[in-house]
Structure formats: structure tokens, C-alpha cells
Amino acid sequence: MPATLDLTDSGFLTGDRHDEYRALRDGGAVLVVGEPDAPTRLITRYDDVQAVLRDTSGRMQEAGQDAPPWMEHGPALRRLRANMVQTDRPVHTRLRGVVAPLFTGRRVETLREAAATEVTAELDALTSSGGSFDAVTQLAARVPRGVLRLLIGMPDDDWEPILAAQTDFLMIFSPFPLDDARRDRLDEVAQFYFDYFDGLLGRAAEPTELVRRLLDAEQAGELSRDEVLSLLHTVLDAGFETTRTSISNAVELFATVPGLHDRVRADPSLVEGTAEETLRLRAPVQLIPRILTEDRVVSDGTTVPAGAHTLCVLGSANLDERTFDDPGSADPRRANASKHLSFGGGLHHCLGAPLARIQLQETVAGLARRFCRIEPDGPSERYPSLMFPALSTLPVRAQA
336 MPATLDLTDS
346 GFLTGDRHDE
356 YRALRDGGAV
366 LVVGEPDAPT
376 RLITRYDDVQ
386 AVLRDTSGRM
396 QEAGQDAPPW
406 MEHGPALRRL
416 RANMVQTDRP
426 VHTRLRGVVA
436 PLFTGRRVET
446 LREAAATEVT
456 AELDALTSSG
466 GSFDAVTQLA
476 ARVPRGVLRL
486 LIGMPDDDWE
496 PILAAQTDFL
506 MIFSPFPLDD
516 ARRDRLDEVA
526 QFYFDYFDGL
536 LGRAAEPTEL
546 VRRLLDAEQA
556 GELSRDEVLS
566 LLHTVLDAGF
576 ETTRTSISNA
586 VELFATVPGL
596 HDRVRADPSL
606 VEGTAEETLR
616 LRAPVQLIPR
626 ILTEDRVVSD
636 GTTVPAGAHT
646 LCVLGSANLD
656 ERTFDDPGSA
666 DPRRANASKH
676 LSFGGGLHHC
686 LGAPLARIQL
696 QETVAGLARR
706 FCRIEPDGPS
716 ERYPSLMFPA
726 LSTLPVRAQA
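Heads up: take any position in the sequence shown, counting from 1, add 335, and you land on my numbering.
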């Protein structure tokens, strides 16, 4: 095991991380990082990560707390306390219960046509403009509009300004304390989204089913206004961020993995497998925090004590050769590709997973049908983020 892993190293943050993750798994099931008086344990092997995620006794926050101690006040604290993704039972159960019926696989499948229509429109525009484009800003960031328009009722004119603050908002999920400047920026962004969604509700002449459901729950005393606004933002966040990241990664695979695009183009039955391999090879969320409430013995015999702050490294678990043969390769026929942990697991399994899947599948299918070749057209870049290393730019050239 390497003596240390610099979690701030730019090469690690923006690279594919495969070598670093392999070294961690080979060296042991757990890597302790941070200060001796406040250690964090990275859980890196598939079976261990899956077990921690499925453990219903695990927590997002310290027992008796509803937020990290470094988040003392302000709009970001309000947002986190109302955030389904970061709360524990019983608050998490109550919030999830309000919206979960709208995100079953069957219900989400009714949105597939909207996703396909949006993909077709975006590919039409890219084809007519010559076929050279940035796959992040000109495709992946636009595809979610069709589905989110139906779910939230967000006008297209609001799309660009609303998403401009999205990357900064992701700081709310930081597993480590933020400095004052970043906390101030997070407060600013959290208040911006509170104000936006409050205004959206105020001018919604014909509320969507989701909006009506949230407003009815507020009227019945089941949700506070902060919780209504936070749930709307969570749907936007999950529906956009995961989809944008996954679509960008799929285009990158098509452009860089020899023969992959040709195989899917020749055999459309490989679309679903390609989507799952995209999610496995580059998890949109690389790490998920959990606080253990009981001692846990992991696969190499190490005991992780109760109260330990852990980071479940989804990106490493998805590449564990103990679970996946030749894990670094993109194989659209991989039989167990859907076993990846990119959507988490247990009580906090990603509610929007079916939504992300249909949009990714429709985009993969559209790219395979529309273009006979996709290739890089310049260097790509990723956000230097420990948890969310999404592509920020991906220039490609596509031939119809």
C-alpha cells in the first residue's frame, strides 16, 4: 500500500485514477488519510464498499447532528438540512417518500420519448453545424433539458444561468471542511437556488406533477418550504449532473476506445451494455461518505471501528478485478456490468438512477445511429474534483 495518497494532486484528480485505485486495492482494503485526531478511511474494494453502502445503520451525519460541524450557519446549512441526499432517518425517509413514487422505473420510462426527442434535436443541430463540437457544452449539458422541462417546468431561457452555479454548489457535498472563501461562495449559491425555485413556484401557471406533489405536501404540513425548494433543486441536480457527466464520458469512450463505436453502430443491442460500462468505468460520483455506527471487519481482516468516517470509493470498487474481469476495458457485452456501484446503494441509492439511464441510453443510441465516426478534436479537460471529476470540455469531430 502506498504510504500516502495526495487527494489534492492534480494528476490524480483529473486522470482516470485506474493505477492509483489498483494500488490501493492491492495494498489493502482500507487507506487512512487525514489528521491522526480526525482520520478518514477510504474503502476501496467492491465487496467492502457494497457492504458499507447496504448497511442501514450507517449515517451521513454524526449521531445527534444534522450537518457537519464546520457548516455553522447560513443558506448552505439550511439547504443541507433539507437535502434528501445528506440527511439521515427519519428525515431522509420522509423526504424520499414524497417524491419516490415519481421515480420508479415504470414511471420514468414514460419520459424516454422526451429524452429521445431532445437527443435527436441536439444531434440535428450538431450535424448541421459541421460535426465539430464540444461534447460537454454542446451536447451533454443540453440533453437533460427535455426531461427536466417536464419534471420541473423550468423554461429553456432559465437553463444557462441556472446551471452556471451548479459546479460551485457541489461543494456542499465536500467530505472535508471548506475554507472561509468557499463557504461564503457556497452560501451565495445556495441562496441563489432558494430564490430561483421560490420564484419558479410563484410564476408556475400550470405546475408539473412533481411540483403539485411538493406543494400539496407542503400544504398538508409534510414538508417545509425549504424542503420543497431543496427537493426541486435535488431533482435538477441529479437529473442534470449525473446525466451530463455520463453522456460526456460515453462520447469520450466512443472517441478513444478503438472499435467501440463501430460495434454499437453495427449492433444496437449493445447500447444498454455500453451505457452500463460508461457508468462503471467512470462513476459520475467517485466517493460517497458514510459514518459507521458499528465495528466492521473488511475483506483483508482490518477492523474499521464504530464512529469512523469512511469514504466509499465507488470509482475503485467499479474497477475491482475481484468482481470484474479485465476491469479497465470497455466491454459492451460484459455480463455483470450493471453490478457497478455508481448509483450508490442501500437507503441512499440514487433515486434518479432510472432517469439517468434512459437519457444515457438514448444518447448512446443516437450517437451510434447518427455518426459513422467520432474522434478527438483537441485536448479534453476535467474538473479537478475529488468527488465529481466531470469533463469540463471534450472537443470531438463526428462524421455523419
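In case anyone wonders, no lab produced these hints; they're calculated from the structure.
The reader is advised that the hints may include incorrect statements.
Pairs of lysine to aspartate or glutamate, DMTMM-like flavour, derived with a Cα cap of 20 angstroms [said to hold, decoys possible]:
(1) Lys674 with Asp660
(2) Lys674 with Glu607
(3) Lys674 with Asp661
(4) Lys674 with Glu656
(5) Lys674 with Asp390
(6) Lys674 with Asp382
Enumerate the violated hints, using their earlier numbering and listing them in ascending order.
none
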